[in-house]
Amino acid sequence: MTKTILFAALLGSVLFAQAAEPKVAKDAIAALEGVYKYRFGNVTMEPGRELQVYESEDIVEIVRYDDSHVYVRAHLEFPHDQMCAISGIAGYENGMFVFHDPKPSRDGAPPCTLSVGAVGDKLVLTDRINDGVSTCRAYCGERVSLSEITMPLSKRRSIRYLDRLKTSRQYIKAARDLQLYQLQKSDPSYTPEQVQRRHQE
1 MTKTILFAAL LGSVLFAQAA EPKVAKDAIA ALEGVYKYRF GNVTMEPGRE LQVYESEDIV
61 EIVRYDDSHV YVRAHLEFPH DQMCAISGIA GYENGMFVFH DPKPSRDGAP PCTLSVGAVG
121 DKLVLTDRIN DGVSTCRAYC GERVSLSEIT MPLSKRRSIR YLDRLKTSRQ YIKAARDLQL
181 YQLQKSDPSY TPEQVQRRHQ E
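With the working numbering, letter number 146 in the sequence shown gets 146, and the count goes up by one each step, no holes.
Among the hints, erroneous ones may be present.
Said to hold, decoys possible - Cross-link-like lysine-lysine pairs, in silico, DSS-like; alpha carbons within 27 Å at most:
#1 Lys26 <-> Lys173
#2 Lys155 <-> Lys37
#3 Lys23 <-> Lys185
To be verified - Across the chosen pairs, the derived CB separations fall in these ranges:
#4 His80 <-> Gln182: 36 to 42 Å
#5 Asp27 <-> Ser105: 30 to 36 Å
#6 Ala85 <-> Asp107: 15 to 21 Å
#7 Leu183 <-> Arg64: 21 to 27 Å
#8 Ala30 <-> Glu148: 20 to 26 Å
#9 Leu183 <-> Leu51: 46 to 52 Å
#10 Glu142 <-> Tyr38: 32 to 38 Å
#11 Ala118 <-> Leu51: 31 to 37 Å
#12 His80 <-> Ile172: 28 to 34 Å
#13 Lys23 <-> Tyr161: 24 to 30 Å
#14 Glu21 <-> Val53: 43 to 49 Å
#15 Ala30 <-> Gln52: 40 to 46 Å
#16 Leu51 <-> Ile159: 33 to 39 Å
Please keep in mind that the hints were generated in silico from the structure rather than gathered at the bench.
We put the CB at the ideal spot given by N, CA and C, even for glycine.
Assemble the whole structure, with the sequences as input and the hints as a guide.
See the structure below:
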C-alpha cells in the first residue's frame with residue numbers, strides 16, 4: 001500500500017513537472033519577446049588617422065516561434081568596426097533559450113551554442129555554455145565574441161514589422177536549421193558531412 005502511494009506521488013510530481021514546463025516556457029517567451037535597441041558612442045582608428053567617434057546601435061530581436069522556441073536575431077557592434085551577427089531558433093532549456101547550430105564548425109571546435117535569457121534586469125546572450133569556450137566565433141569579427149553580452153530589459157519594445165520579419169531569409173533559414181538540429185538529435189548517426197550537405201541544399 002505504501003509503495004503504491006509513493007509511486008502515485010512520484011508519478012503525480014512527474015506529470016506536474018511535465019505540465020508546468022510548457023507554461024514556464026510560454027511565460028518566459030512573453031516576458032522576452034520584442035526588439036531591443038541600444039545606442040552608444042563608438043570609436044575606430046585607422047593607421048595614420050586620428051581616433052574617430054561615431055554612433056553605433058546594438059539590435060536584438062526575439063520572436064515567439066512556438067510554445068517552447070523563440071527566433072533570435074542579434075546585430076552587435078564593437079569598437080574599431082568589429083561586429084557580430086547571428087540568427088537562429090532557440091529552445092527552452094533550464095531557464096534559458098538555447099540555439100544549437102546544426103552546422104559543424106570549420107576548425108573541429110564545438111558547434112555554436114548561444115544562450116539567451118533574462119538575468120536580473122538584463123537580457124543576456126552568451127556562447128560560453130559548458131567549458132567556458134566561446135563557440136560562436138564564426139559569427140563575429142576577428143577580435144570580438146558573443147560572450148556575456150548584456151542589454152537592459154528596459155530597452156524592450158514591441159515589434160511592428162512581424163510580417164516582414166517572418167518572410168526574411170534569416171527567419172526562413174533559422175526554421176530550416178532547427179529542423180536539421182532536431183534531425184541530428186533524433187538520429188545521432190547523422191554525420192556532420194550529411195548536415196553540411198543538407199545545409200547547402
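Next item on the list: Quick one: which hint numbers does this structure break? Sort them smallest to largest.
Entry: 10
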